[in-house]
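> Please put together the full structure from these sequences, using the hints given.
Read in numbering that gives the first Met the number 0, the sequence shown has 27 at position 28, and its numbers run on one by one without any break.
Hints were generated in silico from the structure; no laboratory data involved. Every residue gets a Cβ at the ideal spot worked out from N, C-alpha and C, and that includes glycine. Treat the hints with care, since some could be wrong.
[Claimed, not checked] Taking CB as the label site, the calculated pair distances span:
{"no.": "1", "residue 1": "P42", "residue 2": "A63", "range": "16 to 24 Å"}
{"no.": "2", "residue 1": "S15", "residue 2": "L66", "range": "26 to 34 Å"}
{"no.": "3", "residue 1": "L67", "residue 2": "D10", "range": "18 to 26 Å"}
{"no.": "4", "residue 1": "A60", "residue 2": "M0", "range": "24 to 32 Å"}
[What the hints assert, rightly or not] Derived pair list, reagent style DSS-like, types lysine-lysine, alpha-carbon separation capped at 27 Å:
{"no.": "5", "residue 1": "K2", "residue 2": "K30"}
{"no.": "6", "residue 1": "K43", "residue 2": "K17"}
{"no.": "7", "residue 1": "K49", "residue 2": "K17"}
{"no.": "8", "residue 1": "K25", "residue 2": "K2"}
{"no.": "9", "residue 1": "K17", "residue 2": "K30"}
{"no.": "10", "residue 1": "K46", "residue 2": "K17"}
{"no.": "11", "residue 1": "K49", "residue 2": "K25"}
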Amino acid sequence: MMKRGRFIVIDGIDGSGKGTQVELLKRALGKHTVFTHEPGGTPKAEKIRKILLERKKETPAPLADFLLFLN
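Structure (structure tokens):
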């Protein structure tokens, strides 16, 4: 029987050290690990991620953010 895995979430503001903590976890766990980021994982989600990361100087309307995630 396969063991259940663990789902670990690291959240924080930009520059808070999330990436550093992920790297430390990778080394500490020393097992097969899968790391993700959201949005991401599909071509459409990667485009949304790119839009969100590139427009840091702008403050879009909340509706604009909502519409990005509609199918």
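> Hint by hint, note whether the structure agrees.
Quick rundown of the hints versus the structure:
1. Separated by about 21 Å at the C-beta atoms, P42 and A63 satisfy the suggested range of 16 to 24 Å.
2. Checked against the hint of 26 to 34 Å, the C-beta distance between S15 and L66 comes to roughly 28 Å, which is consistent with it.
3. Evaluation of the 18 to 26 Å hint for L67 and D10 yields a pass: the beta carbon distance comes to about 20 Å.
4. About 50 Å separates the C-beta atoms of A60 and M0, a value inconsistent with the hinted range of 24 to 32 Å.
5. The hinted pair formed by K2 and K30 meets the criterion: a straight-line CA distance of about 13 Å does not exceed 27 Å.
6. Using a Cα cut-off of 27 Å, the hinted pair K43 and K17 holds, with the two alpha carbons roughly 24 Å apart.
7. A hinted pair counts as satisfied when its Cα atoms are at most 27 Å apart, and K49 with K17 qualifies at roughly 19 Å.
8. Simply put, K25 and K2 have alpha-carbon atoms about 19 Å apart, close enough for the 27 Å limit, and the pair holds.
9. Only pairs whose Cα atoms come within 27 Å are accepted, and K17 paired with K30 is accepted, the gap being roughly 20 Å.
10. Distance restraint check for K46 and K17: the Cα-Cα separation of roughly 22 Å lies within the 27 Å cut-off, and the hinted pair is therefore satisfied.
11. Restraint check: the Cα-Cα separation between K49 and K25 comes to about 25 Å, which is no more than 27 Å; the hinted pair holds.
This entry does not satisfy hint 4, going by the numbered hints stated previously; all others are met.
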